[in-house]
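2 protein chains.
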Amino acid sequence: MLITLFEKDLTGFDMSYSLQELEALKDFYSDQLLNDTVPFWFPRSFDREHGGFLLMRDSDGSLLDDDKAVWLQGRATWLLATLYNTIERKQEWLEGAKLGYDFLNKFCFDTDGKMFFHVTRDGRPIRKRRYFFSETFAVIAMAAYAKASGDKDAAEKARYLFGRCIEYATSPGLSEPKFTGTRSSKGIGVPMIMINTAQQLRETIGDPRCDQLIDKWIKEIENDFVKDDIQCVMEQVAADGSIIDHIDGRTLNPGHAIEGAWFILHEAKYRDNDPHLMELGCRMIDYMWKRGWDEQHGGILYYRDVYNKPVQEYWQDMKFWWPHNEVIIATLLAYTLTANDKYMQWHKMVHDYSYEKFHDKKNGEWFGYLHRDGTVAQPAKGNLFKGPFHLPRQEWYCMQLLNSHLNKNMQ
Amino acid sequence: MLITLFEKDLTGFDMSYSLQELEALKDFYSDQLLNDTVPFWFPRSFDREHGGFLLMRDSDGSLLDDDKAVWLQGRATWLLATLYNTIERKQEWLEGAKLGYDFLNKFCFDTDGKMFFHVTRDGRPIRKRRYFFSETFAVIAMAAYAKASGDKDAAEKARYLFGRCIEYATSPGLSEPKFTGTRSSKGIGVPMIMINTAQQLRETIGDPRCDQLIDKWIKEIENDFVKDDIQCVMEQVAADGSIIDHIDGRTLNPGHAIEGAWFILHEAKYRDNDPHLMELGCRMIDYMWKRGWDEQHGGILYYRDVYNKPVQEYWQDMKFWWPHNEVIIATLLAYTLTANDKYMQWHKMVHDYSYEKFHDKKNGEWFGYLHRDGTVAQPAKGNLFKGPFHLPRQEWYCMQLLNSHLNKNMQ
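Protein chains in written order, with the numbering used here: chain X, 354 to 764; chain L, 354 to 764.
Calculated from the structure, these hints are not laboratory results. Any given hint could be a false lead.
It does not matter which identical chain is used: a pair holds within one copy or between any two.
[Stated by the list, open to error] Straight-line distance between alpha carbons at most 27 Å, and here's what the computed BS3-like set of lysine-lysine pairs gives: (1) 695 / 505; (2) 539 / 505; (3) 569 / 467; (4) 451 / 510; (5) 715 / 695; (6) 510 / 695; (7) 481 / 662; (8) 622 / 643; (9) 505 / 580; (10) 662 / 715; (11) 569 / 443; (12) 662 / 714.
Hey, can you work out the whole structure from these sequences and the hints?
Following this line, the structure appears as structure tokens:
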């Protein structure tokens with residue numbers, strides 16, 4: 354627990370952190386990732402009979418359902434290939450990544466080239482959705498697998514599918530509209546997922562389209578979603594970037610906006626600490642920490658209304674695992690880039706809350722859903738939306754980040 | 354509060370209820386309906402500029418959003434016309450019903466005859482959904498309005514639209530599938546809503562199709578959804594009525610099943626206390642009370658897994674207003690039909706819980722969404738799904754039911 358890792362008092366004046374403390378933090382994330390989170394899932398989730406992964410698991414790891422969520426088949430493939438690419442050339446991880454890669458190719462595409470959302474254990478389609486998130490997760494899965502395996506066909510497939518995602522993102526007509534055109538709106542989710550997908554593609558197998566597109570999507574977020582006058586990052590705006598003053602349009606998702614912030618800070622770091630991107634990402638964290646952090650119980654509230662009115666969703670004050678993973682990454686990244694102790698203080702707050710409340714001390718991994726007061730609302734570790742992704746990505750990213758930060762500072 | 358209405362001790366042996374107690378209960382429901390619930394909504398929600406109703410209101414009644422949910426435009430129309438038809442020929446109620454009826458006709462139908470789900474204040478479409486619940490609520494609205502106004506055209510429209518609903522209910526191909534055909538399933542919601550719609554149509558303006566269709570839908574529930582071997586009413590089953598052992602298929606909604614039970618008990622009453630239907634409805638209540646009642650905190654849990662595994666929905670243990678309205682009706686109806694004190698005891702338990710936890714003593718009406726422990730999770734009184742329907746229907750139904758029960762018993 355990080356609680357024991359820091360010597361400094363949060364209320365004290367000396368808020369700088371020693372390299373020893375950061376070293377201990379790195380070891381903590383590495384240990385959690387490799388000795389707690391990853392072993393919860395693998396190898397037991399490998400489906401050697403039908404391919405892919407069996408991920409819908411109860412808190413003790415027993416299987417709740419043998420269906421397969423396509424998002425998570427892609428995300429698990431990405432994780433295994435990424436561990437292989439960046440941590441250790443472990444055959445088990447490469448073998449797992451291949452199981453996922455093959456399952457995606459064989460069973461997860463419809464005849465029109467769009468991917469399914471939910472399939473049976475043996476790959477028969479159950480549900481297809483309008484969104485193209487199955488596709489973006491397949492891009493990062495295929496790219497990471499291509500790097501791990503050296504499979505040129507996988508690299509080509511990843512780049513082709515990324516092209517399809519660009520089409521879906523820029524021609525909304527390609528996916529059938531759920532809403533009429535009366536009140537056109539756009540979400541921050543599309544530019545966000547496209548930035549992250551492009552970053553992953555670029556940093557595994559490379560793609561000449563990425564830099565310029567990332568620029569474009571960051572500009573869209575900056576121009577249309579970040580509102581300095583009210584110190585807020587909107588989740589949804591009108592086509593022209595104005596606020597839609599109806600319940601849906603007013604709904605904020607602070608953890609999601611802070612995920613967007615760290616994608617931008619990641620870009621700042623990639624571009625040799627680009628000062629404008631650093632400032633933008635930190636500004637987004639500053640705005641949304643204030644709106645999302647629960648002063649009463651700790652943790653990140655799921656939804657807020659921009660004007661503090663009630664939101665449509667009744668579960669708006671619950672604590673979900675993944676926003677905490679995103680805020681843990683964002684605050685650590687902001688600290689390593691700016692050396693501003695405020696971010697390390699926030700990192701410690703969200704880290705301590707998360708590893709105390711979400712982490713399952715008995716069986717490993719995290720619970721997904723807490724009541725506002727921090728008690729467990731639903732104990733499953735895996736379902737249609739939760740699986741081996743946000744938590745291991747956070748532990749992996751923080752471990753890698755501290756590694757490079759410490760190496761730089763010790764040179 | 355009912356707490357003060359009953360003299361009997363729940364733990365005692367003498368559990369029969371006096372006519373004086375039932376009289377006091379009737380007065381309570383009548384008083385809540387006419388002096389608390391209805392005045393919260395009307396006349397302030399009448400939109401005299403654009404027609405229809407402005408129903409998305411915060412706890413104090415202030416307007417959160419001027420959009421209009423088509424389900425609730427129909428439901429509010431039904432309520433006002435029903436109050437006019439059954440309680441008092443108040444011009445305000447008829448005028449309101451006409452506002453709703455005209456808005457439905459003018460703005461809520463698409464060119465293909467299907468209804469929208471969500472429109473702007475001035476009736477421009479925002480969203481259309483695959484389901485035909487907008488249509489079923491419009492049927493009961495038009496039928497009740499036809500009775501109130503004597504408008505023959507409204508009666509004809511109600512009957513025509515009911516015919517469309519029968520088509521939608523029996524030819525799933527008419528609404529575009531959200532799921533592929535791999536694992537075909539059907540929900541209890543369709544036969545339930547059709548039973549209630551037919552009952553309303555029959556009991557306002559009459560329709561020769563209703564009796565036979567109600568029979569058919571009750572048989573479908575009895576044969577395919579009520580499982581005696583495991584003492585359960587399923588929410589979803591395979592086309593042949595078998596249990597689908599996947600997360601979605603295992604998910605129960607006890608309050609919804611108990612709503613289905615009271616539609617069947619209502620039919621039993623309509624058919625001069627049909628013993629088979631009485632037994633079926635009571636059996637459904639018995640099964641689902643055990644699965645839904647929260648022994649720890651009181652109130653009805655929203656979702657349960659048939660085998661007590663975790664359900665997909667993270668908010669599964671919340672307390673929603675409407676299942677409580679349904680269970681309040683069902684238990685009172687079961688008691689008046691069977692004279693079994695168990696049902697009055699359950700009625701008292703759910704009544705006391707609801708009027709203590711959901712009822713807003715300060716501003717009137719009920720909150721919609723409580724945490725499992727009974728604290729308010731979201732204070733709005735109206736949104737896309739909540740408005741003047743379940744609560745006033747419950748208070749109206751219980752008042753009418755006690756009226757007829759007491760009249761019968763005093764003869």
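Outcome of the hint check:
With identical chains, the CA atoms of residue 695 and residue 505 are never at most 27 Å apart, being 45 Å at best within one copy and 71 Å at best between copies. Taking the closest pair of Cα atoms, residue 539 and residue 505 never come within 27 Å of each other, the shortest separation being 36 Å inside a single copy and 45 Å across copies. Taking the shortest alpha-carbon separations for residue 569 and residue 467, only the intra-copy value of 25 Å comes in at or below 27 Å, while the best inter-copy value is 40 Å. Taking CA atoms no more than 27 Å apart as the test, residue 451 paired with residue 510 passes inside one copy only; the shortest distance there is 14 Å, against 59 Å between copies.
In this homomeric assembly, residue 715 and residue 695 never come within 27 Å of each other (Cα to Cα): the closest approach is 33 Å inside a single copy and 42 Å across copies. For the identical chains of this complex, residue 510 and residue 695 are neighbours neither inside a copy (43 Å) nor across copies (65 Å), given an alpha-carbon limit of 27 Å. Taking CA atoms no more than 27 Å apart as the test, residue 481 paired with residue 662 passes between copies only; the shortest distance there is 26 Å, against 34 Å inside one copy. For the homomeric pair residue 622 and residue 643, the shortest alpha-carbon distance inside one copy (24 Å) is at most 27 Å, but the shortest distance between copies (57 Å) is not.
Taking the shortest Cα distances, residue 505 and residue 580 never come within 27 Å of each other, neither inside one copy (43 Å) nor across copies (54 Å). For a Cα distance limit of 27 Å, the shortest separation of residue 662 from residue 715 across copies, 18 Å, qualifies, whereas the shortest one inside one copy, 39 Å, does not. Taking the closest pair of Cα atoms, residue 569 and residue 443 never come within 27 Å of each other, the shortest separation being 37 Å inside a single copy and 61 Å across copies. Proximity of residue 662 to residue 714 under the C-alpha cut-off of 27 Å is restricted to the inter-copy arrangement: shortest distance 20 Å between copies versus 37 Å within a copy.
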